[in-house]
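K.L.:
Chain by chain, the residues:
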Amino acid sequence: MIEISGLAKRFEVENPKKLSEQEKKDPRLKGRYFQSVRDVSFTCGKGQVLGLLGPNGAGKTTTLRMLSTALKPDSGKVLIDGDDVLANPIIARKKIGFLSSSTGLYGRLTGRENIAYFGELHGLDKKTIDARIEEMADLLDMESFLERRAENFSSGMKQKTSIARAVIHEPSLVVLDEPTTGLDIMATSTVMEFIQRLKSKGTPVIFSTHHLDEVQTLCDKVTVINQGQTVFNDSLEAFSALSGGQMHKSFLQTLALDTKETANVVNL
Amino acid sequence: MWLIFKKEFKELLRDRKTIIFMIGLPLLLFPLIFGVAMFFMSSAAEKAESKVLKYAIVGEAYAPDIANSLSQATDKFETISIASDADYATLIKNETVDFVLVIPESFNSDVLNSGQHKLQLFLNDAGLNKVLGRVSEIVDVYTDEFQQTAFSALGLNETQQTALLTPILIEKQNVADDREVWGERIGGIIPYFIFILCLQGAMAPAADLGAGEKERGTLETLLISPMDRYKLVLGKFLTICCAGIITALITVSSMAGWGIVLSQGMAIEFVAEVMAMIGIIDFVLIFLMLVPVVAVFAAVLLSLSIYARSFKEAQSYMGSLIMVIIFPVLIAMMPGVELKGGWVWVPLTNVALAMKELFKGTMDYFALFGIFISTAAIATGLLMFCIHWFNKEKVLFR
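Keeping their order, the protein sequence lines are chains D and E.
In terms of our numbering, the first sequence opens at residue 1 and continues consecutively.
In terms of our numbering, the second sequence opens at residue 1 and continues consecutively.
For the record, the hints were derived by calculation from the structure and aren't laboratory data.
We put the CB at the ideal spot given by N, CA and C, even for glycine.
Don't take each hint at face value.
To be verified - Here are the simulated PhoX-like cross-link-like pairs (lysine-lysine), alpha carbons at most 20 Å apart as the crow flies:
| no. | chain 1 | residue 1 | chain 2 | residue 2 |
| --- | --- | --- | --- | --- |
| 1 | D | K72 | E | K54 |
| 2 | D | K46 | D | K77 |
| 3 | D | K18 | E | K394 |
| 4 | D | K126 | E | K6 |
| 5 | D | K77 | D | K95 |
| 6 | E | K6 | E | K312 |
| 7 | E | K7 | D | K127 |
| 8 | E | K394 | D | K30 |
| 9 | E | K10 | D | K126 |
| 10 | D | K95 | D | K46 |
| 11 | E | K130 | E | K51 |
| 12 | D | K46 | D | K201 |
| 13 | E | K394 | D | K72 |
| 14 | D | K199 | D | K46 |
| 15 | E | K17 | E | K312 |
| 16 | E | K51 | E | K93 |
| 17 | D | K94 | D | K127 |
| 18 | E | K76 | E | K54 |
| 19 | D | K30 | D | K17 |
| 20 | E | K231 | D | K94 |
| 21 | D | K126 | D | K94 |
| 22 | D | K17 | D | K95 |
| 23 | E | K47 | E | K130 |
| 24 | D | K126 | E | K7 |
| 25 | E | K51 | E | K76 |
| 26 | E | K6 | D | K127 |
| 27 | E | K76 | E | K130 |
| 28 | D | K94 | D | K46 |
| 29 | E | K54 | E | K130 |
| 30 | E | K7 | E | K231 |
To be verified - Covered by chain E, per the in silico footprint, the following chain D stretches (three or more residues, Cβ under 8 Å):
| no. | stretch |
| --- | --- |
| 31 | 58 to 71 |
| 32 | 116 to 122 |
Isolated chain E (complex conformation) (with noise of 0.2 Å):
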C-alpha cells in the first residue's frame, strides 16, 4: 500500500500540470485575481467620487442659492443648458447630462408655511455613482438652514430641537462579541472556499490515478501484480487524499499570507486581532473535521475515474460532482440554518455548519464528535464501495 502511495506521489510531484493546479494556482493566481479586481473596484469607486457630472437644473429661479452652489463647485459639476420641455430619459441615455435636478415652483426657504419641498433626481441609477450623494452634499446645506431657521422662529431650545428630529430613539447594545459577529460573516463563506478547493486539488490526481491508467494501458499489468486490490486503492486513495489537503492547507495560508501583505496599517491589526481570537485548538479541529471531508471526496473522485473510460470522461463526471457538493455547503450558508436538530445529520452541511462555529466560537463541543463520527463512517462506506468498484470487471474493462 505506502509501496503504491509513494510511487503515485512521485509521479504527482513530477507532473507540471498537477503541480501547477495545487499549488501555483492557489498561490500565485488567487491573490492576483482578487488584487485586479479589488484594484477595479477602488479605482471605479474613485472615478465615480471624482467624475465631473454634468447636470442641468430646471426651476433654477425658485432655488438661485442651489443652482448657485452647483454651478460654483467647476471641480465637480459642469452646467449643461436644456430646452424647458426635454425629455430627461433621453438626455441621460444618450449621455448629454449626468442629471437633471427639477425644482419646484412652490419652492422657499420658510418651509413653516409651505411644507416639505419636493426636489427631483433623475438619473440612471444602474451603474456604480455618486450622484445623489454628491448632490445631497450640496442640498443639505439648505436642509440645515431651513431646519435652524424653523426653530428659531419656533423659539424651540437646543434640546427641544434633537427631541423633535428624533422623538424616540432605540440604541443597539450588541451582546454578540467582535468574534461572534465576523464568525457568522465570514464562517459561512470559508468552508464553501475549503470544500471548493480541497476538490479541486484532488481532481485532477484523480483523474490521473484512474481513468489516466485506463488510458495508458497500465491499468491491465497494475491488476494482475500480486497485490491484493484493497491495497491497491487505499493507496491510489491516500494519494488523492493528500493532494487535496495539502491544495487546501497551501491556499488557505496563502490567502492569509497575501491578505497580511495586501492589507497595510489597521487592516494587519484587524487580521491578527480575529487570528488572536480564534485559537490554536479551533485550527486544529477545522483541520481534522477536514480529513474525513476530503476522504469522502478521494473515495467519490477515485470510483468515478476509474469508471471512466478517458480521462476526458472522467472530467466531465468530476465537473458535475462540483455541482453536487456545492449544494449542501451553500444551504450551511443560508440564513435560519444552524447546527441544531436536523441539520446535525445532513452531510457535507453539519461540516459546514461547524467550521462556521468554531470560527464564531460559539462550538457545541459535544456535537462534534457526533458529526466527525458520521463523516467518517460516511467515508468509509464510500471506501468501501470504492474498492468492490474496483474488483468489478464491468467497471475496469469497459
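Pulled out of the complex, with its shape left as it was, chain D reads as follows (with noise of 0.2 Å):
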C-alpha cells in the first residue's frame, strides 16, 4: 500500500531573465522559485497498477523521483507499506525498484555484471543473486546475451537487464518513469508483459506514461497531473466514463477541468 499527499517541490530558476514568454506565463513560477510540483496526491493498494499521466513538464518525472527517493520534497508524505520514506530514505530504498526509460547500463560490464553489482549493492548475498538471475534469465529469455558486454546490446536487451536490474531485490513497489519512451515494438512488449507480471504477483506498480492504450491494457487506477496538481484520481472505470469510453477525450477533458481559462495544452 503506497499513500502519496499533498506531495510539492520547488526548484531555484537560475536565471529568470532566460525563461521564454510562454514559462513565464507557467502559473507555477513564483519570483526565483519554479514549483515544479505543487500538491500531488494518490494512493496505490496491493496488486494495483496505476497509470501517471500528464503533459510534458507536469511534474510526473520530479512526483516519481521523491516517490524514488531521488530528490527531496519540500512537503507532504509519502507512506509505504506504513513506512515513511521521507524520515527513512534508505529503507525505503530497499522496497523500490525503479526503472526509466533513459536508465543506463555499464556499457564495460556484462549483462550478468550490471545485474548483480545492484543485487550487492542492496546487500543480496552472492548466492540469491545467482538463484535470481537465472530464475529471471529464464523468464525475459536472457540467456543468450547475459555474458556479453553491454554496450553492445539492443534496446530490447538493454530493456531486458535493466527490468531485470530493477527487480532483483524483490521490492515491495515498482515505479517506472515512462518505461516504453523510445522503445521499439518488441521491447515495449517485454516492458507491458513485465508490469502484468508483476500485478499478477500482487505487487504494486506506478507507472507514467503519454500511451493511453498501455493505460486501458494494464491500469487499475488513474492519476492525473497538470502543472504540478492532481486534477484526476480515481480508477480506470471512472477516467473511460468521463467521456463515455474515449480514453483521449477523457484525458482533455481532466486538463480542461482545471486550466480552462488556459487551455493551451500543447504537447500532446
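Combine both chains into one complex, guided by the hints.
P.N.:
In C-alpha cells, the structure reads:
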C-alpha cells in the first residue's frame, strides 16, 4: 500500500531572464522559484497498477523521483506499507524498484555483472543473486546475451537487463518512469508483459506514460497531473466514463477541468 | 564502499581508452617522444659540426695565413668570392654564404705595437650553428702564435706569462656534494612531472565516474540504491586515487627503466650513482607525500565531474584545472623559493619543495609532518565538500 499526499517540490530558477514567454506565463513560477510539483496525492494498493498521466512538464518525473527518494520533497508525505519514505530513505530504497526509459547500463560490464552489482548494492548475498538471475534469465529469455558486454546490446536486450536489475531485490513497489518511451514494439511488449507479471504477483506498480492504450490494458487506477497538481485520481472505469469510453477525450477533459482559462494543451 | 570500488575498478580495467592513457602512454609514448627529440637534437648538432661552411673573406691580403688555413681545410670550409661592396646580410640571408670574415687593414703579427686586432664575423646566429667555434679553431692558432711572439719579445718566463694572462684566479671549492647539486637541478622538474602525470591518470576515470554516470543514465539508479551517499563517494574517490597513483608509479618506473636502457656506458653508472645516493626511505617519503596530493586531485576532479552535465563538459573543466595546478608547482621551481617560512604552508608548492629537498638530501624531517598533515587536512576538507556536493539535488539533476 502506497500513500502519497500533498507532495510539493520547487526548484530555484538560475536565471529568470532566460525563460521563454510561455514559461513566464506558467502559474507555477513564483519569483525566483519554479514550483514544479504543487500538490500531488494518490494511493495505490496491493496488486494494483497505477497509471500516471499528464502533459510534458506537468511534474510526473519529479513526482516519481520524489517517490523513489532521488529528490527530497519540500512538503507532503510518502508512505510505503506504513514506512515514512522521507524519514527513512534507506529502508524505502530497499522496497522500491525503479526504472526509467533513460536508465542506462554500465557498458563495460556484462549483463550479468550489471544485474549482480545492483544486487550487491542491495546487500544480497552471491547465492541469492545467482539464483534470481537464473530465474529472471528464464522468464525474460536473456541467456543468450547475459555474458556479453552491455555496450553492444540492442534496445530490447538493454530493457530486459534493466528490468532484471530493477527487481533483483524483489521490491514491494515498482516505479517506472515512461518505461516505453523510445522503445521499439518488441521491447515495449517486454515491458508490458513485465508489468502484467508484477501485477499477477501482487506487487503494486506505478508508471508514467504518454500512451493511453497502455493505460487501458494494464491500469486499475489513473492519476492525471497538470501543472504540478493532481487533477484526476480515480479508477480506470471512472476515467473512461468521463467521455463515454474514449480515453483521449477523457484525458483532455481532466486537463480542462483545471485550466479552462489557459487551455493551451500543447505537447500532446 | 569496497563493493563500489571493486566494480568501478573492474570497469576501469576493461576500458581500453583509460588503459591506454594510464599505462600505454607513459610506458611507450613518453620514452618514444624523449628518444625522438634526443635523436633530432644530436643529429642537428652533428650536422652543424660536419657541414661544409661556405664563406667569403674580405681583406684576405692582410692575413694570408688565416685565409690559407681556411681554404686548405676543404672538408670544412668552401670559399665563395664576393664583390667587395656586397651587402653581407643579404648574401647570408639568401644562403650564398654561411659567414663573412672581415680582416682589418692593420692586421699584423706584431701585437705589441699594433694593439688588439678586431676581426668581424658576419653570420646568422639565430639557429643552431657552430660557425664561431669552427672559425675560432682556425684563428686561435694565430692568437697563440702572436702571444708567444710577444712574450718572447718581452723576455718573460713561463710563470710570468701565466700570471700576465690571468693575474688573479678564483678557485671555486664546492662544499655541496654531488647529490645536492643534482638534486637542485632535477629536483624541481621531477615533482612537476609527477603531479601532472597523477592528474592526467586520474582525469579519465574521474570523468567516467561522475559525468559519465550522468550521461549513461546510471546515476539515478545508483542514487536510489540503499547505499549511503558517502560510501558511494568514497568508493569512487578511492578508484580515482588508485588510478592516479598507478599512473604515476608506472610513469616514473618506465622513465627510470627506459633511461637505463637508452643511456649506455658511463651514463648507467651515473644513474646508478644518483639512485644509490637517494635512499629507499626518501623514495618512500616521496611516495607518502604524494598520497594526500593525489587525494586532493581526486576530490577536486570528482566534484567537477559530478557537477558537469556531460563527459565533454567534465573534460573542459578538468582541462582548466591543469593550469591551476601547474602554477603552485612552477613557483616551487623558481630560484629563491625554499622550504622556509610562509612557503611551508602553501599547498602543493610545499610538497613540490619537500620533494626537491628529499632529492637533495637536505630535508628538515620535522617540516615533513607539517606538510603531510596540512595536505591531508586539505584533502579531507575537499572530500567532505565532495560528499556534500553529492547530496545536492542542484548538482545531481542539473
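K.L.:
Which hints from the list above does the structure break, by number from lowest to highest?
P.N.:
1, 6, 22
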